[in-house]
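K.L.:
Chains A and B, in that order, are what the protein sequence lines are.
First residue of the first sequence? That's 1124 in the numbering used here, and the numbers climb one at a time after it.
First residue of the second sequence? That's -1 in the numbering used here, and the numbers climb one at a time after it.
Since the hints were made in silico from the structure, they are not lab data.
Here the structure is a predicted model, which is why all the values come from computation and not from measurement.
Warning: the hint list may mix true and false statements.
What the hints assert, rightly or not - Derived coverage of chain B by chain A (criterion: at least 3 residues anywhere in the stretch with Cβ under 8 angstroms from a Cβ of chain A; other residues may be distant):
no. : segment
1   : 27 to 33
2   : 48 to 57
3   : 61 to 75
As the list claims (entries may be wrong) - Restricting the straight-line Cα-Cα distance to at most 25 angstroms, the calculated cross-link-like pairs of lysine-lysine (BS3-like) are:
no. : chain 1 : residue 1 : chain 2 : residue 2
4   : B       : Lys22     : A       : Lys1456
5   : B       : Lys22     : A       : Lys1217
6   : A       : Lys1451   : B       : Lys66
7   : A       : Lys1426   : A       : Lys1502
8   : A       : Lys1456   : A       : Lys1217
9   : A       : Lys1217   : A       : Lys1451
10  : A       : Lys1508   : A       : Lys1426
11  : A       : Lys1356   : B       : Lys66
Ideal Cβ positions, reconstructed from N, Cα and C, are used throughout, including at glycine.
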Amino acid sequence: MTELTNLSAAEARRMLDGRQISSVELTDAHLARIEALDEQLFCHLHVMSDVAKSQAIAADKRIAEGAQTSMTGIPVSLKDVLCTTDAPTTAASKILEGYRSPYDATVVARLREQGAVFVGKANTDEFAMGSSTENSAYGITRNPWNTNCVPGGSSGGPAVAVAAGEAIVSLGSDTGGSIRQPAGFCGVVGLKPTYGRVSRYGLIAFASSLDQIGPFTRTVEDAAIVLEAIAGKDPSDSTSAPIPVPSFRENFSLDLTGTRIGVAQEYSVSGMEPGVESAVVAAIDQLRALGAELVPVSLPHTKYALPTYYITAPAEASANLSRFDGVKYGLSKEATSIREMYEQTRGEGFGPEVKRRIMLGTYALSSGYYDAYYVKAQKVRTLIKQDFDRAFEQVDAIVAPTSPTVAFQFGSRTDDPYQMYLADVFTIPANMAGIPGLAVPCGFSGGLPVSLQILGKAFDESTILRIGHAYEQSTTWHKERPNLG
Amino acid sequence: MRLTIADVEHVAALARLGLTVEEKERMRDQLSSILGHIEALNELDTDAISPTAQTINLTNVMRDDVVKPSLSREAVLQNAPRTTDGFFEVHTPLGGEEGESS
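Just chain A, with the same shape it has in the complex:
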């Protein structure tokens, strides 16, 4: 990996502002890296070379004028569920092949205004439904640490982009773990902000009460930088919160004295890989060594989060995906009646996992089953949220493994959908409760990265970023890079 594709955004900022490098050089290095690696890794569905090059020239001009922001000139990869006017947006689905959005997602517009450089649209499970990126209609993305293994999902492409040096930062979306789990599998930092912290306008909707956009980065500091750049109230998303965006880096400290961190017994399950457990236990010891007080907490409804999620998320998805009707955009089959046209278009355009979730969600919302499934799940969601509310009366944050295993081999979980769903057992509760979660590299098991998850109170990303930063800076895991030649 050349030096230019191994920088954090903060380091690149200093070098750009100090005129040691130009954004054009930085961008060319990342485009060359994509060219060299993507045949093997298949991280990007669309490479935005021309866009990136002109943005880089504009960024250099802006820096010369002294009008730069923290993101000016920084190469960014975007998950292909984020609408962009100057590249296709497909959600890795055949039903949106060739779709060109007439508007930018708010996060894209904000980064564009701040002078970021867009290198490409990154692969994902179709409509962000999956835990391995194997559900993309366009091909699998490989884990750079072991190319026989999945990168996690659904944001596999954005995770690999940062892990392999194809972008300095990337944006993904997290509905049940789709940022944190692939960040963990690929050995990078991933942040799911509080629900409402970041506008969802222009994010192709999966489950609207759970979806949240967030960054993949090489350092916790960078995650704070990107969150500051994309967060805040947006008139186009009425669920974005009218809460001020602080400087998330302001209180960074390597001393965690006075910080109370909860450890929940429910996040230790049978089937957890011994190498994951030992790395997470060592990370918790390190937090104690940094001065944190470790406090046992109980989240008794944790085991119900997964079945609750697999009612709530598919129910919302089945409603959201009704817009793909062959009329307004996307694939459209010729048929003799409108009903046949709908059924053929959707039958051909959606892949197996998307169909499964539409069916599950439609079933849970259908007459006779609505109370037994959908309302029941919403009530259990209340219990899950109350677990966190009680725990956060005692502690400032909660730590847990990001996933029970490291990255698994291709095909090993595709036969039984529920086995795949179990990959998100530790990440789903945060979405159900709407709270923020940060995944930070904390070791290796069998040559594959292990990740520590830090969960925080709603709108208190500052605390989990402070803890994550202190941990990261006292270890060297974030400096490890996959051997890609």
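Model the placement of chain B on the given structure of chain A, informed by the hints.
P.N.:
Same frame as chain A, now just chain B:
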């Protein structure tokens, strides 16, 4: 609980989702299995619990009712599979088998 093929066909019809015979069989097995896992929720007594639909404490977010620029007609129609005279073109929804139920 195991779904029947008729259950699968009913739900697929509600979702306007065309499925092959093979897909219906596979869907029957997989959905039955997933619903089996979901039955774990019945262990919990939730009679006195109110449902949570969303986690952010916002209600009735209003804005001023003022006219603002919007996308042009061309931009809105640029991805449409079929258009006529600046409109989206659709099959006649009435009179066909969709009938009055639509």
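K.L.:
Are the hints correct? Go through all of them and say.
P.N.:
Against the structure, the hints:
no.	hint	result
1	27 to 33	holds (count 5)
2	48 to 57	holds (count 8)
3	61 to 75	holds (count 4)
4	Lys22(B) - Lys1456(A)	holds, 21 angstroms
5	Lys22(B) - Lys1217(A)	holds, 21 angstroms
6	Lys1451(A) - Lys66(B)	holds, 23 angstroms
7	Lys1426(A) - Lys1502(A)	holds, 15 angstroms
8	Lys1456(A) - Lys1217(A)	holds, 13 angstroms
9	Lys1217(A) - Lys1451(A)	holds, 15 angstroms
10	Lys1508(A) - Lys1426(A)	holds, 13 angstroms
11	Lys1356(A) - Lys66(B)	holds, 18 angstroms
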